[in-house]
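Visitor: Here is how the chains run, residue by residue.
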Amino acid sequence: MPKIDYTRLANFQYAILTTIDDDGYPFSVTTNYQLTPDKRILLDKPILPSRLDGKKVNVLFNHITGIPTGGYTDRRYMLLWGTTHEERGKLRLEPERLSEWDEKILSFPEYCAKVAPQGAKYLQKLQPSVEA
Amino acid sequence: MRVLTGSLNQQTQQFATELGLIPVPSWVQDTFNSYLVCEFTTIKNGRPVTLPLLPFYLPDTGRLVVTSSILFSRKIEHMRENPKVSMLFSNPEGTKSGKHVVLVQGTATTEDADLDHGWEKYLSYWRKKEPYIDAYLAEREKFGWFWKRVVVQVEPKRITAWWNGDTTRAPEVFGA
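Taken in order, these protein sequences are the chains called A and B. So the first sequence is numbered by this note's numbering: it starts at 1 and just counts up by one. So the second sequence is numbered by this note's numbering: it starts at 1001 and just counts up by one.
Bear in mind the hints are in silico, worked out from the structure with no lab data behind them. Here the structure is a predicted model, which means the values were calculated and not measured. No residue lacks a Cβ here, since even glycine has one placed at the ideal position from N, Cα and C. Check before you lean on any hint, since a few could be wrong.
To be verified - Simulated pairs of lysine-lysine, DSS-like, Cα-Cα distance not exceeding 30 Å: (1) B/K1142 to B/K1099; (2) B/K1121 to B/K1142; (3) B/K1157 to A/K104; (4) A/K114 to A/K56; (5) A/K121 to B/K1084; (6) A/K114 to B/K1044; (7) B/K1096 to A/K114; (8) A/K104 to B/K1096.
Claimed, not checked - Facing chain A, according to a computed beta carbon distance under 8 Å, are these residues of chain B, among others: (9) L1053; (10) L1088; (11) N1091; (12) P1171.
Taking the hints into account, I'd like the entire structure generated from these sequences.
Guide: Here you go:
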């Protein structure tokens, strides 16, 4: 069970539920959500996909604030992986893993510094093809 | 399969089919062009990984493009293992568009032959969505690896669209 900041999780407009469809492609759909006092995450059942009971999914909560002169700021997201269970006409998300970023908590330059090892890894993988 | 937009009269549909394009109404095209972010999903070990990305729509080919810094390149690794991806356009924040929701499912190809300059051909699209990008580019040395970028092109296979974003109703489906 990941450590989830439910106060911050409550501060999004909607959720994006994603699963893998029968053709093997990701399928995403928006849906409303609510958090219960006992910290359960309940999603409204979208019309598609039709079978979501017991499904492995991820649920993204994403926010940007538009800038009147163009573009956006205040980027933040929380991405939860888990399993959905049908309960009383809703989908309860049983979260298993969390990934998140909020630029007010970790600035973009700091974020770039944090993920520098991934950049190095990418360049290292390229190196053999450059030398060939 | 590529995307053709415009009115959907019989002649248009026939033309689109002959070219292998997916005919979609103009409100879908407007959504591609105006939404500032999409929710881009790759597949890792059979499970989805969804993150917000800045999308560009190429009307001449019907393809969609995102670029990724090597700093955030795990999704590139996922796409090379499994090229099936999706792009959800759900958030009209910062635009004057309607609140439509459009899902593109398609096949991704990645291009990293020129990490420093290959993505620059999409700068005009980027500038339209983030007009301040030139200020960051002026400090290119400061964020060196951020500007080493892989180009991802997505060829749509199926487009699922909910007019006015009402996902409790049946969507319109275009393509395969």
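Visitor: For each hint given before, does the structure comply? Return the numbers of the non-compliant ones in rising order.
Guide: 1, 3, 7, 9
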